[in-house]
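Enquirer: What follows is the residue order along each chain.
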Amino acid sequence: MRITQGAFSFLPELTDEQIAKQAQYCIDKGWAVSLEFTDDPHPRNTYWDMWGHPMFDNPDAAALIMELKECRKVYGDRYIRFVAFDSSHGWESVKLSFIVNRPVSEPGFHLQRQEAPGRVIRYTTRSYAADRPAGERYG
Amino acid sequence: MQRTGLRVNVMADAIAPERVEDGGDIPAAIDLRAEYVESGVKDVLDELDRELIGLKPVKQRIRETAALLLVERARRRLGLAHETPTLHMSFSGNPGTGKTTVALRMANLLHRLGYIRKGHLVSVTRDDLVGQYIGHTAPKTKEILKKAMGGVLFIDEAYYLHRQENERDYGQEAIEILLQVMENQRDDLVVILAGYADRMDRFFESNPGFRSRIAHHIDFPDYSDDELLQIAETMLSKQNYHFDGKARAVMADYIALRRKQPHFANARSIRNALDRARLRQANRLFETVSGPVDAEALSTIGVEDLSVSRVFAIADKAREEKPS
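Protein sequence lines correspond, in order, to chains A and B. Residue numbers for the first sequence follow our numbering, so the first one is 1 and each next one is one higher. Residue numbers for the second sequence follow our numbering, so the first one is 1 and each next one is one higher.
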């Protein structure tokens, strides 16, 4: 199941050129762009691992694409997302984020029902990929 | 679920058609003259002529390079050329001959012609590229390269990257990364290496990889005495100073003498000399003038501000010693 997190997730995969254009837009706005990766696709997993530092002072998106290629070389079998952080006062938060790399096969989620006292049922989702230990989940 | 993924892929193929070269709108002919003016190349070259004194061969080379790039761009628009030409350059010349200044102009020129996207100049030396311990160099070099992308990376005194006497010097690592990026990301950045002519030659000899990746070698000649005097006057007038009648002649003497002394750095020596002259002028005004001073007095460099320079003293001493 193709997971849909962040912007553009219902669109076909962006090409590197399109990613560069999005990144350039963010850089021109003065946001710090960076990459993060994970192999835990749960939607509540907000804290992904950082790939290098956020780029506060690189005026061109080619730098991000270079890092993305490096990151794909190492973690090409995981999810990688692009993050643009606005450090201006009052915002200090992520303004744009979208997935730029995903595993070849995404096994999807198991919906678990827990029967609680009375007729109550509690639901929880669990990624099939998360059955295996971190680092061995894809590929 | 598997089907959804499949459909998305098919859609991706349908939406992204084969890219046509440069939008596919190929003009029949291109007016080079109009291009020359419209792209702003003319402005940059005119500015170069106006603001930089001397440097005839350099200006000539830049003019030629600009012509080449302009033609190349026209060829690309007509679909005759596809590859980005190699734009990496090396500037060799003595200190103070305007290498950094010209590099700045070059960045501007390349930006106007659309060969680099941002047109900024990142000026670095060995310290900025090479780390102090194992594993420190690669991230440091990459950080600088990332910063320079879309612009020009200017490496001053590039030969320090290579230390012949030390095989394990980390400079070699920086060189390897640089070469790789220079080759693979020609669209993203232009590298300009700069330094003294003889040492640059030796550097290229020991790093053939660099030599073959650099298309344009530009030599910066030393300034003549007249040019230096002109430079001195321009420098002063930029700061709203001027020589009084005799001081100009003294400055001409100063330049001739200074050139013979060690550590002569062309325009940079002149700038330093003028800075010291301004200091002496300020002192002179402070100590001698009683009552109000006018703008004329505040902006005039007199003979006495220049003639007390150490350069004259040393020259005199040399002259005294010679007969004996």
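Source of the hints: derived by calculation from the structure; they are not laboratory data. It should be emphasised that the depicted structure is a prediction, and the values quoted were computed from it without experimental measurement. Honestly, I wouldn't trust all of these hints.
Said to hold, decoys possible - In silico DMTMM-like links for lysine to aspartate or glutamate, alpha-carbon gap of 20 angstroms or less:
hint : chain 1 : residue 1 : chain 2 : residue 2
1    : B       : Lys-260   : B       : Glu-227
2    : B       : Lys-142   : A       : Asp-57
3    : A       : Lys-73    : B       : Glu-227
4    : B       : Lys-142   : A       : Glu-115
5    : A       : Lys-21    : A       : Glu-36
6    : A       : Lys-69    : B       : Glu-183
7    : B       : Lys-118   : A       : Glu-36
8    : B       : Lys-59    : B       : Asp-219
9    : A       : Lys-69    : B       : Glu-176
10   : A       : Lys-21    : A       : Glu-70
11   : B       : Lys-118   : A       : Glu-70
Enquirer: With reference to the structure, classify each hint as holding or not holding.
Expert: Hint check:
no.: 1; hint: Lys-260/B x Glu-227/B; in the structure: holds (16 angstroms)
no.: 2; hint: Lys-142/B x Asp-57/A; in the structure: holds (13 angstroms)
no.: 3; hint: Lys-73/A x Glu-227/B; in the structure: violated (55 angstroms)
no.: 4; hint: Lys-142/B x Glu-115/A; in the structure: violated (55 angstroms)
no.: 5; hint: Lys-21/A x Glu-36/A; in the structure: holds (19 angstroms)
no.: 6; hint: Lys-69/A x Glu-183/B; in the structure: holds (16 angstroms)
no.: 7; hint: Lys-118/B x Glu-36/A; in the structure: violated (26 angstroms)
no.: 8; hint: Lys-59/B x Asp-219/B; in the structure: holds (11 angstroms)
no.: 9; hint: Lys-69/A x Glu-176/B; in the structure: holds (18 angstroms)
no.: 10; hint: Lys-21/A x Glu-70/A; in the structure: holds (19 angstroms)
no.: 11; hint: Lys-118/B x Glu-70/A; in the structure: violated (23 angstroms)
Against the hints set out earlier in the document, violations occur for numbers 3, 4, 7, 11.
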